[in-house]
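Sequences listed follow chains F and C, in order.
So for the first sequence, our numbering puts the first residue at 2; every next one is plus one.
So for the second sequence, our numbering puts the first residue at 2; every next one is plus one.
In short, the hints are calculated from the structure, not lab data.
Everything numeric in this text was worked out from a predicted model, so none of it was measured.
Any given hint might turn out to be false.
A pair counts as met if it fits within one copy or between any two copies, since identical chains are not told apart.
What the hints assert, rightly or not - Derived lysine-lysine pairs resembling DSS-like cross-links, with alpha carbons at most 25 Å apart: (1) K256 / K284; (2) K343 / K397; (3) K313 / K397; (4) K343 / K227; (5) K290 / K83; (6) K208 / K344; (7) K407 / K208; (8) K208 / K343; (9) K341 / K397; (10) K208 / K64; (11) K231 / K417; (12) K233 / K290; (13) K344 / K313.
Each chain is listed here by its residues.
Number of protein chains: 2
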Amino acid sequence: MSKANLFYAQSGGVTSVINDSACGVIETARLHKDTIGKVYAGLNGILGALNEDLIDTSRETKKTIAALRSTPAGAFGSCRYKLKSYSDNQREYERLMEVFQAHNIRYFLYNGGGDSQDTANKVSQLSLEQGFPITCIGIPKTVDNDLPITDNCPGFGSVAKYVAVSIREAGLDVASMCASSTKVFVMEVMGRHAGWIAGAAGLSTEKEGDAPHIILFPEIAFNKDKFLKKVKRCVSRYGYCAIVVSEGVQYKNGKFLAEAGGKDAFGHVQLGGVAPFVANMIKDELGYKYHWAVADYLQRAARHIASATDVKQAYAVGKVAVELALKGKTAVMPIIIRGKGKKYTWRIGEVKLSDVANAEKVMPRDYITRDGLHITEKARAYFAPLIQGEDYPVYKQGIPQYARLKKVLEKKKLKKWHSA
Amino acid sequence: MSKANLFYAQSGGVTSVINDSACGVIETARLHKDTIGKVYAGLNGILGALNEDLIDTSRETKKTIAALRSTPAGAFGSCRYKLKSYSDNQREYERLMEVFQAHNIRYFLYNGGGDSQDTANKVSQLSLEQGFPITCIGIPKTVDNDLPITDNCPGFGSVAKYVAVSIREAGLDVASMCASSTKVFVMEVMGRHAGWIAGAAGLSTEKEGDAPHIILFPEIAFNKDKFLKKVKRCVSRYGYCAIVVSEGVQYKNGKFLAEAGGKDAFGHVQLGGVAPFVANMIKDELGYKYHWAVADYLQRAARHIASATDVKQAYAVGKVAVELALKGKTAVMPIIIRGKGKKYTWRIGEVKLSDVANAEKVMPRDYITRDGLHITEKARAYFAPLIQGEDYPVYKQGIPQYARLKKVLEKKKLKKWHSA
Chain F
2 MSKANLFYAQ
12 SGGVTSVIND
22 SACGVIETAR
32 LHKDTIGKVY
42 AGLNGILGAL
52 NEDLIDTSRE
62 TKKTIAALRS
72 TPAGAFGSCR
82 YKLKSYSDNQ
92 REYERLMEVF
102 QAHNIRYFLY
112 NGGGDSQDTA
122 NKVSQLSLEQ
132 GFPITCIGIP
142 KTVDNDLPIT
152 DNCPGFGSVA
162 KYVAVSIREA
172 GLDVASMCAS
182 STKVFVMEVM
192 GRHAGWIAGA
202 AGLSTEKEGD
212 APHIILFPEI
222 AFNKDKFLKK
232 VKRCVSRYGY
242 CAIVVSEGVQ
252 YKNGKFLAEA
262 GGKDAFGHVQ
272 LGGVAPFVAN
282 MIKDELGYKY
292 HWAVADYLQR
302 AARHIASATD
312 VKQAYAVGKV
322 AVELALKGKT
332 AVMPIIIRGK
342 GKKYTWRIGE
352 VKLSDVANAE
362 KVMPRDYITR
372 DGLHITEKAR
382 AYFAPLIQGE
392 DYPVYKQGIP
402 QYARLKKVLE
412 KKKLKKWHSA
Chain C
2 MSKANLFYAQ
12 SGGVTSVIND
22 SACGVIETAR
32 LHKDTIGKVY
42 AGLNGILGAL
52 NEDLIDTSRE
62 TKKTIAALRS
72 TPAGAFGSCR
82 YKLKSYSDNQ
92 REYERLMEVF
102 QAHNIRYFLY
112 NGGGDSQDTA
122 NKVSQLSLEQ
132 GFPITCIGIP
142 KTVDNDLPIT
152 DNCPGFGSVA
162 KYVAVSIREA
172 GLDVASMCAS
182 STKVFVMEVM
192 GRHAGWIAGA
202 AGLSTEKEGD
212 APHIILFPEI
222 AFNKDKFLKK
232 VKRCVSRYGY
242 CAIVVSEGVQ
252 YKNGKFLAEA
262 GGKDAFGHVQ
272 LGGVAPFVAN
282 MIKDELGYKY
292 HWAVADYLQR
302 AARHIASATD
312 VKQAYAVGKV
322 AVELALKGKT
332 AVMPIIIRGK
342 GKKYTWRIGE
352 VKLSDVANAE
362 KVMPRDYITR
372 DGLHITEKAR
382 AYFAPLIQGE
392 DYPVYKQGIP
402 QYARLKKVLE
412 KKKLKKWHSA
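The following block holds chain F by itself, in its conformation from the complex (with noise of 0.2 Å):
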């Protein structure tokens, strides 16, 4: 194949890692010069292309694009939006197509959730059925983890990291104060299905008595008299509880235990407050006196304290995916594979676009503990090797230096764009 342009685009909610992912794109990318002309990043994903929106990241020093290794959120902005299935809006592929022709774009590296690799995916096949055929590579990214086969998704190993050195610092706080005053701490974090996040902050309970005492899971049913009954337990026994609450937990029917209204572009119910919710529960109940925290962004944009292992795999899988692009795989994925020795090991393999587009991988219930409110040994073990070691920042006057970038748009060579 001659000498071609790539376009990359960061897709959906964003995390404190994906900025490495684009990293290791652009930097792999510029090795291959002879192959891969520019490197454009879309303004704002995919929307960049159906604008014409190209930053040229060549425009960006070495200096630059080495600073997003450690820049959390999406450096050349992300969107919610989700191409239509083919029949429902050709004219968005249609436009996608004449996008790339103009801009002789023959590498498509779209890196996003379970939606994007399915966009990933349809684009791949209309490109060889129109005949300008485009090298079309996901990488992976979700905050959420619950992209099928992949050991873990990039991105997740620091909100876990996040979340279970948050319970453990608050733990300590209402510990200190239980006496007197605070008995019960909620803390809400993400996940609208899986209840990855939230089993990661188990992590900080490494003895009897230590925080979170419970853990809601959206795989669980909520029991209301089973939780108080516990939440009652631990004030006696530990003389407070801390709690971790899945902002996807619901009632056996189904129902989210706090819906705050309104859906997002994806058609997903926007959550949110489930924490406050728990807790006025529990004083209802059992009269105590409590704190909440909804960590939201904070968690997902937590770079400060990322995982030094998630970091090197965000890195990883933007490199692989510049890598197979080059062997002339398409409509592949790379994936996290873990070793099978007792020291964690890992390296990047693949699996094709099909297999994980649109799929949704949650807790296996082994991972949770029978009562449903803690987790086991064994998701101890998964999860323990995704949050190690630690990558900080660079500080100017106390404050993380994140990477600003020009984003210097290419010239536009067609018409604008008009959504349906």
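Given the structure of chain F, go ahead and fit chain C onto it with the hints provided.
Then chain C, alone, in the frame of chain F:
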């Protein structure tokens, strides 16, 4: 004065560095074994004295005491328990005297905020009247930074660093998402009457457009129209708006924006939930999609991101408290004095307890911009040095290792205490 024992207690809401002060007290006292016998720490603060629950810190190893230096929250337990005035509850003061006499305690070091300094001052006066003089030294502590005279309070610098780092990171997250999704992010921070914590978040704004774009202070009456106008302007100018709101923000009539109801032991209204309140207000009036976070205990327990300056100062006030006691001073509190030079320097001074008891220092008006919605350069110059430096705890298996104390209680000599 012949050899006597020392009683140290932690009071009120804990911080990520109050144990640094404890470490300073214990390590310094251990250097003066000719004068100071045992260092007792109150189990759960002053309640430990009333209940004769005296933790014998000599039973903790040198290594454990050193580990207090990087352990958040109150390692010996704190409490929200304010002694009434002597005339209202003579029994409590008499009980303290009894316990102190029974255990030959001649030094009382009380680590807390304004309320606690008041208590320490009263104990000092009473001990003189009763002919069993006790050296009473206050040790400043409060994340709220609202003690008078001292340049700043140990505990504040670390929470300041946490909020500045957090809003910088979450701000980048929102910036990534705003083209097609979340446009407004609201982070609630502590600060009932004083906006120091909220103000410190303003350090994250280094360049035009950096988060936070708006800060809501308790010192400035909330003006809905003005606020919403600025939110709208930020979204149109930067694509998004990141807001830091102090839990104590209130209307002109003094009513808190969101009262959770309930009062604590000091008669303070228990606040919480102003972030969702403000976020919903924006959604209702301007229609923007929002996210919100309530950091709550996470912010004041976050030892993993403590300010190195704060850590040093917290240790220093503990150390100097013991040194003041050894010099025969009483009814005083070490304070932090800022040097006058351009380069930040600090030293420890002292102040009479009567001058700090029950006083509260709010943000000066000239620390807040004219529109009341951000901080001035003057504030920035004040805040910046306080968050300098990182002081990371030791990690094992990806999680910070914090001191685990034995907390061996001294044998009781008195009858059981029954509070009134």
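Up to 25 Å between alpha-carbons, please classify K208 paired with K343: within, between, both or neither. within (22 Å within a copy, 48 Å between copies)
With identical chains treated as interchangeable, where does the CA-CA distance between K208 and K64 reach 25 Å or less: within a copy, between copies, both, or neither? between (44 Å within a copy, 20 Å between copies)
Regarding K343 and K397, is the shortest C-alpha distance of 25 Å or less found within a copy, between copies, in both, or in neither? This pair counts as between: shortest inter-copy Cα distance 18 Å, intra-copy 40 Å.
For K407 and K208, with the copy left unspecified, which applies at a CA distance of at most 25 Å: within, between, both, or neither? Cα proximity of K407 and K208: across copies only (14 Å, versus 49 Å in one copy).
Using 25 Å as the alpha-carbon threshold, which applies to K256 and K284: within, between, both, or neither? Classified as both; 22 Å inside a copy, 24 Å across copies.
Could you figure out if K343 and K227 sit no more than 25 Å apart (CA to CA) within one copy, between two copies, both or neither? neither (36 Å within a copy, 60 Å between copies)
K313 and K397: within-copy, between-copy, both or neither at 25 Å Cα: Classified as both; 24 Å inside a copy, 19 Å across copies.
Within, between, both or neither: K290, K83 at alpha-carbon 25 Å: Answer is between: at 17 Å across copies they meet the 25 Å cutoff, but 43 Å inside does not.
Please work out whether the CA atoms of K208 and K344 approach to 25 Å or closer within one copy, between two copies, in both situations, or in neither? within (22 Å within a copy, 45 Å between copies)
At 25 Å max between alpha carbons, let me know whether K231 reaches K417 within a copy, between copies, both or neither. neither (59 Å within a copy, 31 Å between copies)
Within, between, both or neither: K233, K290 at alpha-carbon 25 Å: within (12 Å within a copy, 38 Å between copies)
I want to check one pair: K341 and K397. Are their C-alpha atoms no more than 25 Å apart within a copy, between two copies, both, or neither? between (41 Å within a copy, 22 Å between copies)
Of the hints listed earlier, those the structure fails to meet are numbers 4 and 11, in rising order.
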